[in-house]
Amino acid sequence: VVRDHRAGYTQSLRNLETAKERSNRLVSSGNSDFLVVTKSSIMLGLGETEKEVMIALKDLRQAGVDCVTIGQYVQPTKRHLKVSQCQFLIYSNFTKINSFSDL
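Using the working numbering, the first residue of the sequence shown is number 291, and each one after it goes up by one.
Any given hint might turn out to be false.
[Claimed, not checked] Straight line, CA to CA, 27 Å or less: simulated BS3-like cross-link-like pairs of lysine-lysine:
| id | residue 1 | residue 2 |
| --- | --- | --- |
| 1 | 310 | 329 |
| 2 | 329 | 341 |
| 3 | 372 | 341 |
Just so you know, the hints here were simulated from the structure itself, not pulled from any lab data.
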């Protein structure tokens, strides 16, 4: 897993969950007319497994995240991390997921 050291996995999930909970509370109490739509992103191609990606998607869904974007890492220069070619082909399997809410 490649991640910014300032934001851990659990901390990121907690922040998304808190944003959704606070939004729901404000609407329920009549203090707001707008629900916050929470969104996260995952970048693929750095050696992650399909199982790891599915776990991350399920964790995001459980945290109340509404939308997820999935991108493909592209190595910008030879000095940067290489794309994991063996993983690149597997992501066609994600077309099996019709909706984020299916998770």
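Numbers of the earlier hints that this structure fails to satisfy, in rising order = No numbers; nothing is violated.
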